[in-house]
Amino acid sequence: MTSIALLGATGNVGSRLLDEALSRGHRVTALVRNPARLAARPDLTVVAGDVTDLQAAPALAGHEVLISSLRFADLAPSALVDFARATGIPRLLIVGGAASLNLPDGSRLFDAPAFPAEYRSEAGAGIATLDILRTVSDLDWVFVSPQMVFAPGTRTGRFRLDDDALLFDAAGDSHISYEDFAVALLDEVERPAHHRTRFTVGY
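If you're matching positions, the sequence shown starts at 1 in full-length UniProt numbering and goes up one per residue.
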(Lines of atoms letter the chains of each structure in order from A and count residues from 1; the text may use other names and numbers.)
(Lines give C-alpha, C1' and ligand atoms only; values in the text may rest on other atoms or scores of the structure.)
Protein backbone atom coordinates (compact mmCIF):
# COMPACT_ATOMS: atom_id res chain seq x y z
CA MET A 1 0.00 0.00 0.00
CA THR A 2 1.29 3.44 -0.98
CA SER A 3 0.09 6.76 0.41
CA ILE A 4 -0.71 8.99 -2.56
CA ALA A 5 -1.56 12.69 -2.64
CA LEU A 6 -3.62 13.49 -5.74
CA LEU A 7 -4.19 16.85 -7.40
CA GLY A 8 -7.00 17.13 -9.94
CA ALA A 9 -8.96 14.13 -8.68
CA THR A 10 -12.29 15.39 -10.06
CA GLY A 11 -11.08 15.77 -13.65
CA ASN A 12 -11.32 13.38 -16.59
CA VAL A 13 -7.92 11.80 -16.02
CA GLY A 14 -7.72 12.44 -12.28
CA SER A 15 -10.95 10.55 -11.61
CA ARG A 16 -9.54 7.52 -13.43
CA LEU A 17 -6.31 7.78 -11.47
CA LEU A 18 -8.32 7.90 -8.26
CA ASP A 19 -10.34 4.82 -9.24
CA GLU A 20 -7.22 2.89 -10.26
CA ALA A 21 -5.31 3.80 -7.10
CA LEU A 22 -8.16 2.84 -4.77
CA SER A 23 -8.83 -0.39 -6.65
CA ARG A 24 -5.23 -1.40 -5.98
CA GLY A 25 -5.54 -0.80 -2.27
CA HIS A 26 -3.60 2.46 -2.01
CA ARG A 27 -4.52 5.24 0.39
CA VAL A 28 -5.30 8.51 -1.39
CA THR A 29 -5.61 12.07 -0.16
CA ALA A 30 -7.24 14.30 -2.78
CA LEU A 31 -6.69 18.04 -2.61
CA VAL A 32 -9.67 19.73 -4.31
CA ARG A 33 -11.25 23.15 -4.35
CA ASN A 34 -14.72 21.73 -3.68
CA PRO A 35 -14.69 18.58 -1.50
CA ALA A 36 -18.42 18.07 -2.13
CA ARG A 37 -17.56 16.90 -5.65
CA LEU A 38 -15.99 13.70 -4.29
CA ALA A 39 -18.14 11.06 -2.59
CA ALA A 40 -16.84 9.30 0.51
CA ARG A 41 -14.95 6.09 -0.28
CA PRO A 42 -12.79 3.71 1.74
CA ASP A 43 -9.11 4.77 1.86
CA LEU A 44 -9.95 8.22 0.44
CA THR A 45 -9.37 11.44 2.37
CA VAL A 46 -10.57 14.67 0.80
CA VAL A 47 -8.93 17.97 1.72
CA ALA A 48 -10.10 21.42 0.64
CA GLY A 49 -7.36 23.50 -0.93
CA ASP A 50 -5.69 24.86 -4.03
CA VAL A 51 -2.24 24.14 -5.42
CA THR A 52 -1.64 27.86 -5.90
CA ASP A 53 -1.85 28.32 -2.11
CA LEU A 54 1.28 26.95 -0.48
CA GLN A 55 -0.51 27.00 2.88
CA ALA A 56 -2.43 23.94 1.65
CA ALA A 57 0.78 21.95 1.17
CA PRO A 58 1.24 20.78 4.80
CA ALA A 59 -2.06 18.86 4.56
CA LEU A 60 -0.30 16.48 2.16
CA ALA A 61 2.94 16.11 4.10
CA GLY A 62 3.97 12.55 4.86
CA HIS A 63 2.65 10.97 1.66
CA GLU A 64 5.00 8.88 -0.46
CA VAL A 65 3.93 10.08 -3.90
CA LEU A 66 2.34 13.25 -5.26
CA ILE A 67 0.38 12.89 -8.52
CA SER A 68 -0.81 15.92 -10.47
CA SER A 69 -3.54 15.80 -13.10
CA LEU A 70 -4.02 19.56 -13.22
CA ARG A 71 -4.33 21.69 -16.35
CA PHE A 72 -1.05 23.41 -17.15
CA ALA A 73 -2.70 26.57 -18.48
CA ASP A 74 -4.21 27.20 -15.04
CA LEU A 75 -0.79 27.33 -13.33
CA ALA A 76 2.46 29.23 -13.65
CA PRO A 77 5.03 26.73 -14.99
CA SER A 78 6.95 26.70 -11.71
CA ALA A 79 3.88 26.52 -9.43
CA LEU A 80 3.63 22.74 -9.37
CA VAL A 81 7.32 22.35 -8.50
CA ASP A 82 7.01 24.95 -5.73
CA PHE A 83 3.96 23.18 -4.32
CA ALA A 84 5.63 19.77 -4.43
CA ARG A 85 8.63 21.13 -2.57
CA ALA A 86 6.35 22.69 0.04
CA THR A 87 4.66 19.32 0.73
CA GLY A 88 7.98 17.60 1.34
CA ILE A 89 6.83 14.64 -0.80
CA PRO A 90 9.92 13.31 -2.59
CA ARG A 91 8.31 11.77 -5.70
CA LEU A 92 6.19 13.74 -8.18
CA LEU A 93 4.30 12.16 -11.09
CA ILE A 94 2.67 14.51 -13.57
CA VAL A 95 0.03 13.83 -16.20
CA GLY A 96 1.73 15.51 -19.13
CA GLY A 97 0.79 16.31 -22.69
CA ALA A 98 1.65 14.93 -26.11
CA ALA A 99 2.75 18.19 -27.74
CA SER A 100 6.40 17.85 -26.73
CA LEU A 101 6.67 14.32 -28.17
CA ASN A 102 8.59 13.68 -31.37
CA LEU A 103 7.07 12.79 -34.72
CA PRO A 104 8.79 10.10 -36.83
CA ASP A 105 10.87 12.80 -38.60
CA GLY A 106 12.24 14.00 -35.25
CA SER A 107 10.26 17.23 -35.08
CA ARG A 108 7.93 18.01 -32.17
CA LEU A 109 4.22 17.52 -32.54
CA PHE A 110 3.76 21.07 -31.18
CA ASP A 111 5.71 22.47 -34.15
CA ALA A 112 3.64 20.67 -36.80
CA PRO A 113 1.74 23.10 -39.08
CA ALA A 114 -1.49 21.23 -38.44
CA PHE A 115 -1.27 21.43 -34.65
CA PRO A 116 -4.71 22.73 -33.54
CA ALA A 117 -4.65 26.38 -32.51
CA GLU A 118 -7.20 25.79 -29.73
CA TYR A 119 -4.74 23.49 -27.92
CA ARG A 120 -1.66 25.68 -28.17
CA SER A 121 -2.12 27.49 -24.85
CA GLU A 122 -2.43 24.31 -22.77
CA ALA A 123 0.23 22.50 -24.79
CA GLY A 124 2.68 25.37 -24.56
CA ALA A 125 2.22 25.59 -20.81
CA GLY A 126 2.85 21.86 -20.55
CA ILE A 127 6.08 22.18 -22.53
CA ALA A 128 7.20 25.06 -20.30
CA THR A 129 6.51 22.93 -17.22
CA LEU A 130 8.55 20.05 -18.63
CA ASP A 131 11.40 22.44 -19.42
CA ILE A 132 11.44 23.61 -15.80
CA LEU A 133 11.26 20.05 -14.47
CA ARG A 134 14.39 19.20 -16.46
CA THR A 135 16.29 21.69 -14.30
CA VAL A 136 15.00 20.18 -11.02
CA SER A 137 17.31 17.83 -9.12
CA ASP A 138 15.79 17.87 -5.63
CA LEU A 139 12.55 16.07 -6.61
CA ASP A 140 12.19 12.60 -8.09
CA TRP A 141 9.85 13.78 -10.85
CA VAL A 142 8.32 11.92 -13.79
CA PHE A 143 6.35 13.55 -16.63
CA VAL A 144 4.01 11.00 -18.24
CA SER A 145 2.79 11.91 -21.73
CA PRO A 146 -0.30 10.46 -23.41
CA GLN A 147 -0.80 10.29 -27.18
CA MET A 148 -2.40 12.61 -29.72
CA VAL A 149 -5.87 11.23 -28.96
CA PHE A 150 -6.44 11.01 -25.21
CA ALA A 151 -10.04 10.17 -24.37
CA PRO A 152 -12.38 7.93 -22.36
CA GLY A 153 -12.20 4.29 -23.33
CA THR A 154 -11.61 0.81 -22.03
CA ARG A 155 -9.20 -0.47 -19.41
CA THR A 156 -7.33 -3.19 -21.27
CA GLY A 157 -4.01 -3.18 -19.41
CA ARG A 158 -2.26 -3.50 -22.77
CA PHE A 159 -0.13 -0.61 -24.02
CA ARG A 160 3.42 0.36 -24.92
CA LEU A 161 5.88 2.76 -23.33
CA ASP A 162 8.52 4.97 -24.93
CA ASP A 163 10.69 7.91 -23.95
CA ASP A 164 10.02 10.86 -26.26
CA ALA A 165 8.34 9.47 -29.37
CA LEU A 166 4.70 9.53 -30.39
CA LEU A 167 3.43 5.97 -30.62
CA PHE A 168 1.30 4.78 -33.52
CA ASP A 169 -0.68 1.54 -33.66
CA ALA A 170 -0.95 -0.76 -36.67
CA ALA A 171 -3.65 1.44 -38.17
CA GLY A 172 -1.47 4.53 -37.88
CA ASP A 173 -3.41 6.03 -34.96
CA SER A 174 -1.75 7.66 -31.94
CA HIS A 175 -4.04 7.15 -28.96
CA ILE A 176 -4.48 5.95 -25.38
CA SER A 177 -7.54 5.78 -23.15
CA TYR A 178 -7.74 7.58 -19.82
CA GLU A 179 -8.24 4.19 -18.21
CA ASP A 180 -5.10 2.55 -19.61
CA PHE A 181 -3.08 5.69 -18.98
CA ALA A 182 -4.09 5.40 -15.32
CA VAL A 183 -2.92 1.79 -15.28
CA ALA A 184 0.50 2.79 -16.63
CA LEU A 185 0.90 5.64 -14.17
CA LEU A 186 -0.10 3.52 -11.17
CA ASP A 187 2.31 0.82 -12.38
CA GLU A 188 5.01 3.47 -12.15
CA VAL A 189 3.88 4.33 -8.62
CA GLU A 190 4.16 0.71 -7.55
CA ARG A 191 7.32 -0.19 -9.49
CA PRO A 192 9.35 2.99 -10.08
CA ALA A 193 11.30 2.63 -13.30
CA HIS A 194 11.70 6.28 -14.33
CA HIS A 195 13.45 9.06 -12.43
CA ARG A 196 13.75 12.73 -13.40
CA THR A 197 12.61 12.02 -16.93
CA ARG A 198 9.61 11.75 -19.22
CA PHE A 199 7.99 8.66 -20.66
CA THR A 200 4.97 8.17 -22.85
CA VAL A 201 2.11 5.66 -22.95
CA GLY A 202 0.29 4.54 -26.08
CA TYR A 203 -1.20 1.64 -28.00
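No lab work stands behind these hints: they were computed from the structure. Careful: at least some of the hints might be erroneous.
Cβ-Cβ distance ranges computed for the label pairs, FRET-style [as the list claims (entries may be wrong)]:
#	residue 1	residue 2	range
1	A117	D162	24 to 32 Å
2	D138	A59	18 to 26 Å
3	A36	R196	35 to 43 Å
Glycine included, every Cβ here is placed at the ideal spot set by N, Cα and C.
Next on the checklist: Taking the earlier hints as the rules, which of them does this structure contradict?
Outcome noted: none
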